[in-house]
Structures are given as C-alpha cells and as structure tokens.
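*Asks:* Going down the list, the protein sequences come from chains B and X.
Residue numbers for the first sequence follow the working numbering, so the first one is 402 and each next one is one higher.
Residue numbers for the second sequence follow the working numbering, so the first one is 113 and each next one is one higher.
No lab work stands behind these hints, which were simulated from the structure alone.
It cannot be assumed that every hint is accurate.
[What the hints assert, rightly or not] Below, computed lysine to any residue pairings styled on SDA-like, alpha-carbon distance capped at 20 Å:
{"no.": "1", "chain 1": "X", "residue 1": "364", "chain 2": "B", "residue 2": "664"}
{"no.": "2", "chain 1": "B", "residue 1": "654", "chain 2": "X", "residue 2": "116"}
{"no.": "3", "chain 1": "B", "residue 1": "503", "chain 2": "B", "residue 2": "604"}
{"no.": "4", "chain 1": "B", "residue 1": "450", "chain 2": "B", "residue 2": "432"}
Just so it is clear, the structure is predicted and the values come from calculations on it, not from any experiment.
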Amino acid sequence: MAQTQTTATAVARPPLTAFSWKSAVVAIGALIVFDVLINVYERLYALAKGLDYTSADYTTYWMSMLFAELVMEAVTAGALWGWLWMTRDRALERLSPAEELKRYWALGLFVLTYTYAAYAGASYFTEQDGTWHQTVIRDTDFTPSHVIEFYQSYPIYIIFGVGSLVYAMTRLPQFAKAFSLPYAVLVGAPLMIFPNVGLNEFGHTRWFMEELFVAPLHWGFVTFGWGALAILGTWLQVCPRVLALINHIYYGKPIQSPAEVMRDPQSSCDPAACVACVL
Amino acid sequence: MQYSQVDAEAKAVARKFDLVVIMSTFLVLIAGFHVHQMLVAGDWSFWIDWKDRNWWPIVAPVLEITFPAAVQAVLWTKFRMPIGATFCCLGLLFGEWMNRYINFWGWTHYPLNFVFPETFIPAAVVLDIVLMLTGNWIVTALVGGELWGWLFYPTNWVMVAPFHVPVEYQGSLMSIADVINYMYVRTSTPEYLRIVETGTMRSFAGGVTGVAAFFSAFCSVCMYVPWWLMGAHFFGSTKFFKNYESATAEVKNA
C-alpha cells in the first residue's frame with residue numbers, strides 16, 4: 402500500500418446542494434421525452450409512409466431522418482468528447498477531496514444517464530424491432546425501426562458512454578493515467594454492437610431471409626451485450642475511493658492523495674472496503 | 113451536536129451514491145440481459161405457440177442462468193447482498209413487458225395472450241436463497257442450478273396451461289396456442305421455422321417435459337460455473353492497465 406497522508410484538521414465539506422439530482426433529471430427527462438416523441442413519430446409514419454422503400458414518401462419521412470440523425474450524432478459526439486477533453490483538468494494532483502467527491506457525483510449521474518440510454522437502445526428499441534420484423538417483409542436494411550434502433554438509439558448511448566469515460570479520464574485521478582479494464586468493457590462492448598450491425602445487415606442481405614431471432618448471425622450482439630456486466634467492476638473501482646473520500650471529508654480519516662491514486666490507481670480499490678462499509 | 117450534523121451529512125451523501133449505483137446497475141443490466149436473452153432464447157419468449165414442452169424448458173433456463181450467476185458473484189461476495197439473480201430477472205421481465213405491451217400489442221397489435229414473456233422470478237428467488245443459506249457458490253451451482261432447471265416449467269405452467277386446451281379447428285386437432293398463431297399473421301415467422309417438439313421414433317410419450325427439465329437443470333449447473341467465474345474475475349475485476357510512467361519505470365528497474 403502506498404504511503405498515506407493523515408490529517409486531524411477539519412477538511413472543507415462540499416455543500417449538500419452539490420449532490421443534486423438536477424442534471425441527471427434534466428438529461429434523462431429530455432431523453433425520455435425524446436424517446437416518447439420518436440414513438441409517436443413511428444406510430445404516425447411507420448405504417449403510413451414506411452412500407453415501401455422505393456416510394457417518395459419513404460425518402461421524405463425515413464431516409465431524411467437517417468441522414469439527419471447521422472450528421473447530428475457525429476457533430477454531437479465530436480463536440481461533447483472534444484469539449485470534455487479541451488477543458489480537462491491539468492492539475493489533478495492538486496485536487497481537493499471535496500472537489501473530487503463532487504466530481505464522482507457528476508460521474509455517477511453521467512453513468513446513470515448512459516445506462517438509461519443503453520436501456521432504451523438495447524432493450525426497448527431492440528425488441529421493438531422484433532415486432533416490426535413480424536409485421537412487414539422488409540425491402541431495405543433501413544427499415545423505419547432500423548433507422549431508430551441501429552442508427553439513432555445505439556449512437557446516443559455510445560455518445561453518453563464514451564462521454565462518461567472521457568469525463569472520468571479528464572477529471573478524476575483514478576482514471577487519469579491508467580486505463581480501467583471494466584470501464585473499457587462497459588463502454589466498449591456496447592459500442593461494438595454498432596459495428597456488428599454491419600455483419601447483421603450483410604448476413605440478412607446475403608443468406609438469412611427469415612427472422613429467426615436466435616439465428617447464429619445475431620450472436621455477435623450477444624457477446625457485446627455481456628459487457629453491461631462490467632458496470633459491476635466499474636463500481637467496485639469507484640466505490641472504495643468514494644467511501645474513502647467521505648470518510649476523509651466528514652470523519653477526518655486518512656486518505657491517499659490524488660497523486661498517489663494517479664500513480665497506482667489499483668491501490669485505491671481495496672476489495673474489502675465495500676464489505677466493511679458501515680455508512 | 114456538531115458531530116451528529118456531520119454524520120448526517122456523510123450518511124446523506126453515501127445514500128445518494130447508493131441510489132446512483134443501484135439504479136444505473138439495474139438499467140444497464142436490463143439492457144445487457146435483455147439483448148442476450150432476446151437473441152439466444154427470444155423466439156420462445158415472444159410467442160405462445162413456441163412455448164412447447166421440449167425445447168423451451170431447455171433453452172430458456174440454460175441461457176438465462178448466465179447473468180444471474182455473474183451478478184451473484186459480485187453482489188454476494190463483495191456486498192453480501194443475496195438478490196443478484198432476482199435483480200437480473202426482475203430487470204429482464206421489466207424490459208420484456210415494456211416491449212410486449214407498448215410495441216407488440218400497442219404498435220403492431222399482437223394480443224398479449226400471444227406475446228407474454230416467460231418468468232424467472234420464482235426460480236431466481238430460489239437461486240438467491242440457496243446462495244444466501246449455503247454461502248457457497250459451488251453448492252449453489254449444484255443445488256441452485258438444478259432447481260433452476262426443474263422449477264422453470266412448473267412455475268410457468270399456470271400461465272401456459274390455458275393455451276393447451278385442445279380444439280377441433282376445420283377438422284384438425286389444434287391447441288389454442290396453435291390457433292392463435294394461425295390467426296394472428298406473422299410475416300416472417302412461418303410455421304416451419306418454429307423450433308418445437310415434433311416427436312421422434314426414439315422418444316416415449318409423456319416423458320418429454322420431465323426429461324427436458326432434468327437435462328436443462330444439468331446444463332444450468334454447467335452454465336452457472338463459468339458465468340460465476342466470469343462475473344467474479346472478469347466483469348467484476350478492478351484491474352487498471354498500468355500507466356506509461358510506471359510501466360517504463362518497471363522496465364528501467366528490471
């Protein structure tokens with residue numbers, strides 16, 4: 402274990418208002434409203450305008466949506482990740498405990514938003530596609546439900562997932578200098594679902610005409626879906642450090658400095674810490 | 113007085129972090145478990161006419177003991193929380209019902225009698241209790257995994273049984289489930305695609321469900337072990353890859 406700095410003097414406490422749910426409520430609320438509107442759009446135009454790929458209506462109502470969303474996603478991803486990187490903290494070793502705890506709270510809300518987006522993409526819109534497959538015999542890879550599922554809901558959660566990782570890497574000592582295995586799996590595996598769409602569509606175009614959900618062609622998605630389990634390891638890395646920060650700020654217990662955590666982040670996740678949690 | 117205020121603040125902050133961890137874990141597990149379940153066992157889950165007595169009770173338990181085992185590996189060993197399996201299966205059921213109701217029924221109008229999902233809640237509670245009482249994951253794999261397979265068909269039977277009442281339809285013997293499938297047209301799931309029991313020259317009448325459940329239980333035991341290990345050692349790993357400075361320093365020191 403690396404050397405720890407001890408202190409008996411009072412440490413600055415963050416105001417309780419710093420731990421507000423507001424930003425997550427706004428972000429997730431906006432996503433829910435957006436998803437409801439998307440459902441309304443589907444109900445209005447999927448059966449009315451989305452049954453014939455060769456029609457002019459299809460181009461207007463569905464292909465335009467596909468191109469528009471792809472452009473907006475690329476811009477949003479570039480802007481969000483770029484902004485997080487450009488505004489990175491360049492003096493992490495001088496981070497105060499109160500500020501670090503506040504940043505963990507922000508990370509928690511970021512990850513929470515990501516997990517809602519992952520739910521909407523991988524559970525809601527994916528199984529929704531299941532019923533659309535049973536309703537039409539498709540004449541394109543870009544069916545109305547694919548335009549939403551693959552090219553809208555997946556990119557949205559990828560943007561949030563990678564965004565939360567960039568936030569952690571640029572704001573928190575634990576993730577600043579070394580790469581977290583579970584976090585990489587958590588964010589990277591769902592990200593890989595998107596390229597796997599390539600295999601899926603190629604396969605459906607070339608050799609699987611029917612819609613057997615359990616077809617081997619789909620199993621690539623499954624292995625990437627497993628990555629969701631890596632949130633367990635991610636929280637196991639975060640929780641001991643958060644506990645240590647709380648114990649330090651409120652009870653004056655010793656804690657590793659940010660510099661020590663950056664040098665050896667593994668040492669900040671004592672596996673016994675969560676079991677011993679008495680807060 | 114001063115101390116108790118600080119104490120209250122610390123506890124309030126810790127409770128908030130608890131909520132974030134629990135909610136985010138629940139949401140992302142719905143996503144992962146549902147996409148897994150849908151693409152390895154989904155067809156049996158979607159349609160009442162796929163819920164047969166041979167393949168459904170094998171495929172569903174064997175492939176759905178996966179996430180519960182992995183989540184138990186972390187929640188039990190790190191937090192002593194005996195709810196890993198139920199947590200997963202509740203999430204899965206939530207994800208499925210949201211879709212069956214809003215989309216299968218609400219959007220494309222397949223009746224809920226046709227598209228209701230299977231349940232794993234009873235088997236999951238048993239699996240969690242076995243782990244809690246024994247505190248031993250090998251025993252849970254052997255006993256809990258076995259019960260997981262056995263319990264699946266009986267605990268779903270109450271929902272499925274009404275659809276197995278026979279009817280004579282245009283001169284043919286059909287079950288209600290078959291008639292529902294026949295009436296509510298699915299464009300891309302022709303009858304021949306259905307993977308259900310069709311009878312063989314080497315099977316004995318009446319012995320199908322029990323044998324399937326027994327085999328399913330054995331396979332569930334076998335699935336539990338690697339998934340526990342993956343949960344404990346890979347998905348629940350706290351490994352960081354070494355940063356550039358320390359990796360370089362190690363090389364220099366060597």
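*Asks:* Take the hints in turn and mark each one as holding or not.
*Replies:* Right, here's what the structure says about each hint:
no. : hint             : verdict
1   : X:364 with B:664 : holds (16 Å)
2   : B:654 with X:116 : holds (16 Å)
3   : B:503 with B:604 : violated (47 Å)
4   : B:450 with B:432 : violated (25 Å)
Going down the numbered hints, you'll see the structure goes against 3 and 4, while the others check out.
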